[in-house]
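J.: Below, each chain spelled out in residue letters.
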Amino acid sequence: MITRARLPRLVACGATLALALSLSACGDGNGGASSDDGKIHVLVYGDASNKVEERIVETFNKTSDVKAVLDTIPGADYQQKLQTIISTPQAPDVFFNWGGGSIKPFVKADLLMPLDDFIKKNPELENKFLPSVFNSAVVDGKPYGIPMRGTQPVLLFHNKKVLDEAGVTPPKSWDELLDAVGKLKDKGVTPIALGGGDVWPTQMWFQYLFDRVAGPDLFKQAVGGDKSAWESPDSKKALNMIRELVDAGAFGKNYDSVKYTNGGSVALVASGKAGFELMGSWYYSQQLTDHAEFAEKDLGYTAFPTVEGGKGDPANVAGNTNNYYSVMKKTKHPEAVAEFLKLMYSDEFVKAQLDIGNLPTTTNTDDFIDSSGTPEYSRFQYDLVADAPSFQLSWDQAYPQKASSNMHKAVQQFFNGQLDTDGFIQAMQALPTE
Amino acid sequence: MRRRPHYLAGAGSLFWLFLVGLPLYVMLAATLRTRQDYADNGPVSIPDSFTLDNYTAAFDSGFGQYFFNTLVVTACVIGIVLLLVPPLAYAIVRSRGRTTSAIFRLFLLGLAIPAQAVIVPMFYLISEAGLYDNLLGVILPTAAFCLPMSALILSGAMRDISTELYEAMAMDGATPRRMFFQLVLPLSRGGLSTIVVFSALQAWNGFLFPLVLTQSDSTKVVTLGLYNFQTAHGIDIPGLLGAVVLSMVPILLVYLFARRALVQGLMGVGGK
Amino acid sequence: MTTEITSARPAAGPRKGSRRRPPASSATKVGRPGFAWALPAAVFFALFAIVPLIMVAVLSFMSWDGISSPEFVGTDNWSRLMDDPVMLKSIWLTLLLTVLGVVIQTPLSIVLGVWAAGHQRNRAVLSVIYFIPLLLSATAVSVLWRALLDPNFGIPADAPWLFGDGNLFGEQATAIGVLAFVSTWQFTPFHTLIYQGAARAVPQVLYQAAEIDGAGRYRQFFHITLPQLRNSMITSMILMIVGGLTTFETVLILTQGGPGTDTTISAYYMYDKAFKGFDFGAGSAIALALVVAATIISLVVVRVSGYDKMRSTMEGVS
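Protein chains in written order, with my numbering: chain L, 1 to 434; chain V, 1001 to 1272; chain B, 2001 to 2318.
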């Protein structure tokens, strides 16, 4: 009987202890007691671009007393993982992000260092970058990110051969696009390939149309907390245009079963079963790897069509504006971090990025484009971004990360008809903005 | 053999063979063709190219290291399970105390705790213990979640040891410890190899714990390597499947050799 | 449970020969291990499963986004979930998928298991192949089937008479069908093995007697094999039910809960709330509800099957 009573108590004690331990761990969040090994920890998204970042770290370590260490989190769950570790001792000093909503919650939690002091000491940290890009990491009027890697605007890609056979030229306006959809459909091909199974490709149509119809301010209002923006006539007009496009059969019937991420939609365009695909600039290299012959001969690209009577500037672009480095407030080596960030616009870095297919948005990028692997394509993108009055950050990145899942649901349900215009508006209004 | 062949069963089994075999064919075929061939012709087609590049590419992208890590995790998980479960199962089968009975119920209920239900606090426990991004931090929880099923399997096997044998040893004045080493362990070899296979499968295919509890390349296991092949901006299905096939080979070998033990152990699970 | 005296422990040195003791006392009292044998495993398990579970329970009464400090909010998370239509839907979907799993997989694996239990050579070879899906991780299985079911380049494109326009992931009914099918594909081999083992353990005498009575193959199956498989059925069903309630990776990779929320089962909804929506409080509440549901179900089945009674009957015998 004695042992019987003792054991549960033992377990209970252990449980309480562990609980207390862990809750205090959550509690002292930005204390940052540990992980100070006298080095700067730089955390980046793990992929092929890492080799450039490793080189930069090496270059930095040659001259700096405080050494930098590159940590990576590979794969699609970077943002989730970051949010899990950011308030623990495992948090880095400097980390990769997408600007906008991806860092807003961290700013609100007072975890990030505003960079205006750095910039005051060294104005090049701001004026060496394209303004439309730099501004995407400004939160509540203060800069929190220095651009790194490159820009990834969304473009309208097409299969030249398929368009030729249907007697279609790459559309410059919305009406031309609708016209092209009709002609391609008559030819028996899916007019526009869409990886609806991933949902984020579907969302690209929304962010461009809202920008073309209403201009960038509508979304800015909405993400700033003014939810009435979603009810405005412009918002409804954009939604009706999307509805019209879907109902015209532009995406075929089975787009929700197609994925971009398993190569499905990519193959649709390459094999001539579809005419267009709206996708980020990385699409070009994907086609080059998967369907080299097609990519070299028949892959065309244009900017998103203009919308007649729309309030948005036709030169505006949307997509992943850029990637940024943000700095944790708790870092013990701010001076060294500032030195590290300077390397982001160094010639060496810009050239190295271009070599692996990234397109940095520094003012000196222009000088090196012609020596890049795909000069024509890089030039097209660079001019597009440099001339854009506004660069709409992808909606799911502009909103706080926690809104993205519900946003994707709404986007998918509006496309497949489960939500009507009012239903979609309500769903968007229900999203958290901070 | 003493019966006429069963045509209905034969037809059914062939249909099932098709269902199981087709995806396996697609997988193998995909790994032996070029990425372009796969992308152009789709998964269900006869390859018109042959290459081993997908396998070498998998190794080049660090799979050697991932294999080593998975091996370490698997070996350690098996070690912990073999250390903890036999005494536990022995107590479950032979002890008459109420505490043991309560412990047994705890493990029965443990069967119903899914790993994803506890993943959030697990992160904090592991990170507080300084084991984040450390293979030990993956090994410990993985082993813990192998315990309930292993205890069930092994105690099932130990129940088959007849009471007369215990009595005979008891008459010789054997201590529980001597019975354990001289009687119970040798007679439950089948059950032991089953729990080894079971925990090896769990550790080898484990996904959620490594996903949340590690981050760098040096601690990455094979399943995570597979998952990371699928990033948004670079799709390489043949490469991915090549890695899948590679990850299957060792466990397939284990299975081929330990199959009899596995089947027998599962009979133990079935309560006979 | 009276006095547990371990007086039989030998004082010193090993005893040789067969010195007889009074049989009555030695059989039941001597040489039984104490609970200390079970303690290391119990503590280890408690630390890594029970303690986190308690923490989940506590978290379900807190509001926490992973960044700022958690705050107690009482039953707020729970009442929000009660009013959440997606939560209700997810429960129905979970039950539906679990029931589908049991209803499809049980007969299939019984038939396959009994078939594979035969000692013919072709059966032995085929059953080795049948087992292979079990060796693949859920990640791999899902990636594989997603590629196979691509509407333009996979099986549906080759069999339009069966799949129509191939929009399998775009409608609720077909998306659920795919999920049920893929888990059947993945887990049937495991249950087949359970039944194969059990079917081999059925005493041959029973069949010989039945054959003398002139019972045909199907009567033998229904009157001898099936009743003999009862215990295995219970085990296999517990595993199916618990597995069904906690299905996760398959949904994550195949449908991501879509279209819309049409395949958002509870375990996925928990992940969606906690790790995508960073609402760890609500996520913990769902997690806890899942554990409670799985526990109740397995408790009921354990009662029915007599797992816990098995011990006492054994004790009674000894």
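Hints listed in this document are in silico derivations from the structure and should not be mistaken for laboratory results. Values in this document were obtained by computation on a predicted structure and should not be read as measured data. Virtual Cβ for every residue (Gly too), placed ideally from N, Cα, C. Hints are not guaranteed to be accurate.
Derived contacts from chain V toward chain L, CB cut-off under 7 Å, selection only [claimed, not checked]: (1) Asn1041; (2) Ser1045; (3) Ser1127; (4) Ala1129; (5) Tyr1132; (6) Ile1237.
J.: Work down the list of hints and note, for each, if the structure agrees.
T.: Hints and how they fare:
| no. | hint | in the structure |
| --- | --- | --- |
| 1 | Asn1041 | violated (9 Å) |
| 2 | Ser1045 | violated (12 Å) |
| 3 | Ser1127 | holds (6 Å) |
| 4 | Ala1129 | violated (9 Å) |
| 5 | Tyr1132 | holds (6 Å) |
| 6 | Ile1237 | holds (6 Å) |
Violated hints, listed in ascending order, are 1, 2, 4; each of the other numbered hints is respected by the structure.
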